[in-house]
Amino acid sequence: MGIEAVNERVRRPLGWALLVSSVVYAWAVVVAPIDSVQGVIQKILYVHPPLAYGAYLGFVFTAVGGGIYLWREREEWDRFAVAGAEVGIVFCTLMMVTGPIWARGTWGRWWSWDPRLTVTMLLWFVYLAYLVLRSFTDPGPRTARFAAVYGIVGILLVPLNYYVIEIFDKRSMHPENLERGSLGAGMGFPFLMGNVTFFLAFLYLVSLRFEVETRRARAALAAAGEVP
Amino acid sequence: MSYVVAAYAITVVTLAVYGAHLQRELRRLRDGRER
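Chains as they are written, first to last, in this note's numbering: chain A, 1270 to 1497; chain B, 8 to 42.
No lab work stands behind these hints, which were simulated from the structure alone.
Since we're looking at a predicted model, the values are computed, not measured.
Even glycine gets a Cβ: it sits at the ideal position worked out from N, Cα and C.
Worth double-checking, as some hints may not be accurate.
Claimed, not checked - Sample of chain A residues with no beta-carbon within 12 Å of chain B, all distances over it, derived:
hint : residue
1    : Ile1272
2    : Tyr1315
3    : Gly1323
4    : Leu1339
5    : Phe1394
6    : Ala1398
7    : Val1401
8    : Tyr1432
9    : Glu1435
10   : Ser1451
11   : Phe1458
12   : Val1481
13   : Ala1492
As the list claims (entries may be wrong) - Only part of the chain A face toward chain B is listed, based on derived beta-carbon distances under 8 Å:
hint : residue
14   : Val1289
15   : Ile1310
16   : Leu1320
17   : Val1359
18   : Val1366
19   : Ile1370
20   : Trp1371
21   : Arg1373
22   : Gly1374
23   : Leu1477
24   : Arg1478
25   : Glu1480
26   : Arg1484
27   : Arg1485
Build out the structure end to end from the sequences listed, making use of the hints.
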């Protein structure tokens, strides 16, 4: 079964799972305990890191799709890469909006040129440029090959972004990466539900975006007089 | 509290609008194909 057939089959169950998960997630966030140090603003924890993981996953999809495209030269993997980049950028943008809101409430300022924040902005620019460059160039194997290489090189920023706090020997305003047991009592379940819900939302949006890209490509072929 | 509400509201509304945009685009492409 090809990637297109799998995509059409999984969307409906994904949508239902997302709906159920969203309800449980909303309830879990509302009843989650108030942090004794930060107060209620700590509840942004249940949205900000899940958005970051979604952004990482989107860019990983772009690199993996690009890699398989270079290997197999099948167009659907190029479309998969585009879907990953666009949904990844949406998640990355939201991560960069929710982060400063949290920072304003805890650090007293919206932004700091801290290593984690700086690399995040670089990551955002790299994949935004991927989408902008693609929108300016004619579709075809040459564009797809260039985009694949670009997407694969860009993915190096994801592990750098994740480990940058350790690389800078924890001289960062941004908190360290979460580890087992680093959340307070009662905070694990809402955090888990945040990750599950945003993961399902991510997959649902990638599925939609992939089909849009596929149908656009077929419509362009039909308009050019070729059999789609 | 308003910061928390803002963070969640911006996230939910943005994802919902983006999803609705994709659904609308998909419907348009499907209709165009059927015509």
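Hint numbers the structure violates, sorted upward? Hints 2, 3, 12, 13, 14 are the ones this structure does not satisfy, whereas the remaining hints hold.
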